[in-house]
Amino acid sequence: MEEFIQSRFNYWIYVILMMIGLWGMISKNNLIKKLIGMSIFQTAIILFYVSVAVKSETANIPILPHHGHDYSPKIAFAHAVSDDHENGGHDDHAGHQAHPVGPKIPDPDGYANPLPHVLMLTAIVVGVATLGLALAITQKIYREYGTLEEDQLLEKVRADDHG
Amino acid sequence: MVEHAPVLLMVVPLLAAVFCALLGLRWKALCLPLTIIGFIAALYFSVITFLQVSASSDHQVIYFLGGWNASEFPRGVGIEYRVDLLNGMLLIVIAAVALLAAIFSKQFVSMETPGKEPQYYALFLLLAVGLMGMTITADAFNLYVLLEVSSLTSYALIAMGSRRASVAAFQYLIMGTIGASFYLLGVGYLYIKTGSLNMQGIHDILIGEGLLESPAVYVAFLLIFVGVWIKLAFFPLSTWLPNAYSRAPTATGCIIAPLMTKVSVYIMLRIMLTVFGPEYVYDELSWSGPMVWIAVVAIIAGSILALGQKDLRRMLSYLIIAEVGYMVGGAWLLAPGGMARGESLYSTATGLVGTGYHIISDAAMTLCLFLAVGAMIVKAGSSRIEDMKGLFRKCPVTMACFVVGALAMIGVPPTCGFFSKWYLISGAFEAGRWEFAAALIISSLVNAVLFFRIIEFAYFGKLPEVDDAHGHHQRHDEGGMEENPPSMLVPLVLASVALIAIGLFNKEIAGYLSQFLNTVAMGGQG
Amino acid sequence: MKKLAGIVVFTVGLILLYGVSSLDDFPSWGTPDSPANKSPLSQYFIKNTIVDTEVPNMVTAVLADYRGYDTMFETVVIFVAGLGIFAVVRVFEHGGASRVVTADTKPDIIITNTCRLLIPLIQLFALYVLAHGHSSPGGGFQGGVIMGASFILVALAWDLDIALKRFSEKQAFICSGIGILIYAGFGLASVFLGEEFLNYGIIHKILPGVDSPEMARYYAMLGVEIGVMFTVTSIMFLIYGLLATRGKMTAGL
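Taken in order, these protein sequences are the chains called A, B and C.
Counting from 1, one number per residue, gives the positions in the first sequence under this note's numbering.
Counting from 1001, one number per residue, gives the positions in the second sequence under this note's numbering.
Counting from 2001, one number per residue, gives the positions in the third sequence under this note's numbering.
Don't take every hint at face value.
[As the list claims (entries may be wrong)] Derived DSS-like pairs: lysine-lysine, alpha-carbon spacing no greater than 30 Å straight-line: (1) C:Lys2248 / A:Lys104; (2) A:Lys156 / C:Lys2003; (3) C:Lys2003 / C:Lys2106; (4) C:Lys2248 / A:Lys156; (5) B:Lys1028 / B:Lys1507.
Everything labelled a hint here was simulated from the structure, so no lab data went into it.
The structure displayed is predicted, hence computed values, not measured ones.
Let the hints inform the model, and build the full structure from the sequences given.
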């Protein structure tokens, strides 16, 4: 049981956050609190995706280290001359020319999975856009009705409907 | 250029939207022509795409964005577009509906949202772009992004309306965000289990690695389905819909009501047939019993609630909920075990044909009715049903189109409503689901009552004597005919002609649909 | 109502936990062997981004090239947010400027002078984050947000009118549109050169000094990120302005 909780604590955290957010969205009376709930809800999803990409212990961030030229077949040779100008007489460069090894292939276990990060960049942007629009709508509601409490708001709306 | 039609049909309206927002800052009069040009281009490219699809040997066109094609790279490295016969038709419908709604909007936009025409039309175009993208894409995550494009635009378009509309938009936003987030979570579960985001890729891995019994996949289906369920406004998660649709600005209602739920139904079909596959949905899950019952409840509840409405647009909004029940029920009619017994999908899936048909015809019907009602409200000065008195004399063409729309909704033969209901009912008989057939018939009767009540008001009702501001009795000029301007009549007449045309070409459309289902039943599309 | 909400929340939580709970079905945290991490897709991205695009930052490469179409619509989402917020809250008040300058709305000398120093640095940093997105964390969205924040800082330290003199509402709209036009322009350029939409590789035919499709992808990604930055910068500033002034676009906080 202990291992069960430990080995998937990321999921536990995300589910708890998600429930907090959902609770805020559907049970809170104040519209701004609902939006706070919405933000927590979306953040929980982001946490979920990003935690999927992790490869614990072995992996680094999904960016090839500098001198990533080693990995690239074309640039390693095309830039062999220009590198001279830029780097002057760098040590590792000399070694590079002495042993013109073929391009290395990055080790998949050495880097975190990039795809969930990309997806979440998109989701973050979408979240920001939704929140902004939601705040704008809330502002309009406040301007029109003078309240952000849902029960008072619904009363006024009902009066509108029948009046 | 022709082979790029699947992407150009989205990019051209997108560019039109950007130019609309930019040039509209200085020349407001340019907005509407730009919008119409954008939609005409979208219509043109979607027709080309559909012709390509029907001409190709396997009835589909695949387009790899960024050139990351599946022959050289693993599937799903890039984003893929896949047009088959069903979504090819749907693209044409979306572009055409948007075009007609845009022409119709001419009178309303400057009246209801003064000073914001460029933003309005830009959002209008982007809404259609989002909807077309949702239909055409074959990538589960790309679907989410486009879903959000269309949702955000529709929140904004609704909230632009009256003060009541902003409350409706807020409720819609909360529900819509929950729905979209559930969808995203479901895709996440699927991604963890399969490692792919491409719809066909996910399906192949699910089948290939025997993941059909995995609890995570079950939860993924549940999440995606509930997410789409909210977007569909399928009963009981439909509470947001009537307020949002009936309080929206008129022109907004005319594009959102016909398209939003219909595209969501298509998304549900796509999820069921392409991502999870009929093997999973109909055989592994045995949901078709309860789902059809919920659909029955949705149809009855929508119809009864519609009966109680005094407001015309609100009544139509409740009818949409009933119509969603038709389509969802039709999609779930297939009995469990059919696939396992080796029956091909097509032979038992008249219900699915009916669902596909009804997506198209319901888009046209709802468009026609919302356009007609928009025009009627202008003439009657109110949206209450009692105020529709004497409209036949005032604007006969508008009312004639309304009658055509009403007949289609009831399901009278030459119109498309009859044929789609016919397929749905015969699908229900095939599957032995009498309750669904009964619900369809009851709802048709309710529709008949509803619409004949309005028509009676409008035809026989005398124009009321109204007190003007000074308390004098004033009699309306009864003989006076004041028809709506052509910018409203032309789209309205075209929409009602389309209703009959879709009905007359029922053989062709049903043929395309069963061909589409055949390819699905053949075990995927390559 | 609260009880119903509680039931819904707990059901959702239980369903989500049910999905992740089975030990042999769902991968544990951080295992490199989960289907998502072992899938050909993820392996392909790690092994081949540098070969295909010359970009060491895989996230940037996947974002702007492999899944560039998503990113284009992500930019559109931002654009939609800007348009939508404008459409919902903007009020036009002609004449009757209700602006009251009192003693405590006068800009503070310490704050303004600090900001005078900081803002150019922030903007430089934004450009750095943009330009260095290929080989370190960063890119158009991040750079755009930082750049937008620098304009918001102007509005906070002085007031919105001063900020609007530097970057007016109209200019912001134009910039946001231009950003999307740049993005879609790269896509259309590859269509006109005969390849698929957003297939940047072919652009090497018209880019001077670039001879390989890989380097063309490299530079096209930079161009695309610049487009993204235009949109994000201007929309962030617009959102701030519109929300902080309740749509009046004058005076502000």
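Do the hints match the structure? See the list:
1. With a CA separation close to 58 Å, the supplied pair C:Lys2248 and A:Lys104 exceeds the 30 Å bound.
2. Distance restraint check for A:Lys156 and C:Lys2003: the Cα-Cα separation of roughly 25 Å lies within the 30 Å cut-off, and the hinted pair is therefore satisfied.
3. Taken as a hint, the C:Lys2003 and C:Lys2106 pair is broken in the structure, with Cα atoms around 51 Å apart against an allowance of 30 Å.
4. At most 30 Å may separate the alpha-carbon atoms for a hinted pair to count; C:Lys2248 and A:Lys156 meet this at roughly 25 Å.
5. Our distance criterion of 30 Å between C-alpha atoms is broken by B:Lys1028 and B:Lys1507, whose separation comes to about 45 Å.
Checked against the numbered hints given earlier, this structure breaks hints 1, 3, 5; the rest are met.
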